[in-house]
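J.: Numbering-wise (this note's numbering), the sequence shown opens with residue 2 and increments by one.
Treat the hints with caution; some may be incorrect.
[To be verified] Calculated lysine-lysine pairs in the DSS-like style (CA-CA distance at most 30 angstroms, straight line):
id : residue 1 : residue 2
1  : Lys98     : Lys53
2  : Lys92     : Lys27
3  : Lys98     : Lys55
4  : Lys23     : Lys53
5  : Lys55     : Lys27
6  : Lys98     : Lys27
7  : Lys55     : Lys92
8  : Lys53     : Lys27
Read the hints as simulated data drawn from the structure, not as lab findings.
Since we're looking at a predicted model, the values are computed, not measured.
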Amino acid sequence: MSTPTIQWYPGHIAKAEQQLSKNLDKIDLVIEVRDARIPIATAHPQLQRWIKGKQHLLVINRRDMISSAARRSWDRWFRDQAQTPWWCDAKAGTGVKQVQQAAIRAGDQLNQRRLSRGMRPRPVRALTLGFPNVGKSALINRLVRQKVVESARRAGVTRTLRWVRLGQDLDLLDAPGVLPPRLDDQQAALHLALCDDIGQAAYDVELVALALLETLSVLEKQAAAGVVTGVLEQRYGINLAGEQADAHAWLMTVAERHTSGDTGRMAQRLLDDFRRALLGPIALELPLP
2 MSTPTIQWYP
12 GHIAKAEQQL
22 SKNLDKIDLV
32 IEVRDARIPI
42 ATAHPQLQRW
52 IKGKQHLLVI
62 NRRDMISSAA
72 RRSWDRWFRD
82 QAQTPWWCDA
92 KAGTGVKQVQ
102 QAAIRAGDQL
112 NQRRLSRGMR
122 PRPVRALTLG
132 FPNVGKSALI
142 NRLVRQKVVE
152 SARRAGVTRT
162 LRWVRLGQDL
172 DLLDAPGVLP
182 PRLDDQQAAL
192 HLALCDDIGQ
202 AAYDVELVAL
212 ALLETLSVLE
222 KQAAAGVVTG
232 VLEQRYGINL
242 AGEQADAHAW
252 LMTVAERHTS
262 GDTGRMAQRL
272 LDDFRRALLG
282 PIALELPLP
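Kindly produce the complete structure, drawing on both the sequences and the hints.
T.: Spelled out as structure tokens, the structure:
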């Protein structure tokens, strides 16, 4: 499959990484948020360096956007890696209470250690960390039960670090999404673009839409991925099928029908439909068998 070139490194992310480094010493717990559709592509390569022995809570957001079969498969995989994944849908609130309870339990353990060393208990300082647009701010708003930080399904909404008090037990630091300076794995970069987890300036919309069509054709053969056979024909009236299917010809034909021949507008519509799960809950990544 052809993978379009995707490159980024916005200045505000470089600044955020500097701010993050300055605040890490104050942090007790790292709440890492990943995208359920691409839980490997949204794992930051610098995470272990940032954690440095701190407690780590792995939260996988957008559980509603993949099939239950994919979720079960990933859940087993993570537990086999000695990690406990906490699945949630921050937009709807599903699973958020369990995340909060896990964070508070981690804080209790920390304060027990403080007491054993003769130190007074204090609220746990937790950092929410992850790629842009994986749902960190939405999760914080759900945890606090009010809109305290800006949240939207697009990359780059959070630009500065901000502390938020969650009851008497937990202080949360909302950090901007942090991307690595570059990703050598362009397949992972494509997945980030497909899920809108990087800014649109990093890629060509039509090329990424064509890559999505090729990806759907491949995933259709993997039941757990959740791609419904004929989903494109059901939604747009024209099928894309077979090993020799021409994604570019399909895009041109569908554009004639739906966007007056404007392939750029049709490409954007296709990506938007995927991102809003209008093509169904689809996991772009599945654990290797």
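J.: Are the hints correct? Go through all of them and say.
T.: Hints, one by one, checked against the model:
About 27 angstroms separates the Cα atoms of Lys98 and Lys53, which keeps this hinted pair within 30 angstroms; it holds. Under the criterion of a C-alpha separation no larger than 30 angstroms, the hint pairing Lys92 with Lys27 is consistent with the structure, at around 29 angstroms. Restraint check: the Cα-Cα separation between Lys98 and Lys55 comes to about 22 angstroms, which is no more than 30 angstroms; the hinted pair holds. Between the alpha carbons of Lys23 and Lys53 the distance comes to roughly 14 angstroms, so the proposed pair stays at or under 30 angstroms and holds.
Between Lys55 and Lys27 the CA atoms are separated by roughly 11 angstroms; this keeps the pair inside 30 angstroms, and the hint holds. As the CA atoms of Lys98 and Lys27 are separated by approximately 25 angstroms, the hinted pair is consistent with the 30 angstroms bound. At most 30 angstroms may separate the alpha-carbon atoms for a hinted pair to count; Lys55 and Lys92 meet this at roughly 27 angstroms. Taken as a hint, the Lys53 and Lys27 pair is honoured in the structure, with Cα atoms around 12 angstroms apart against an allowance of 30 angstroms.
Violated hints are absent here; each numbered hint is respected by the structure.
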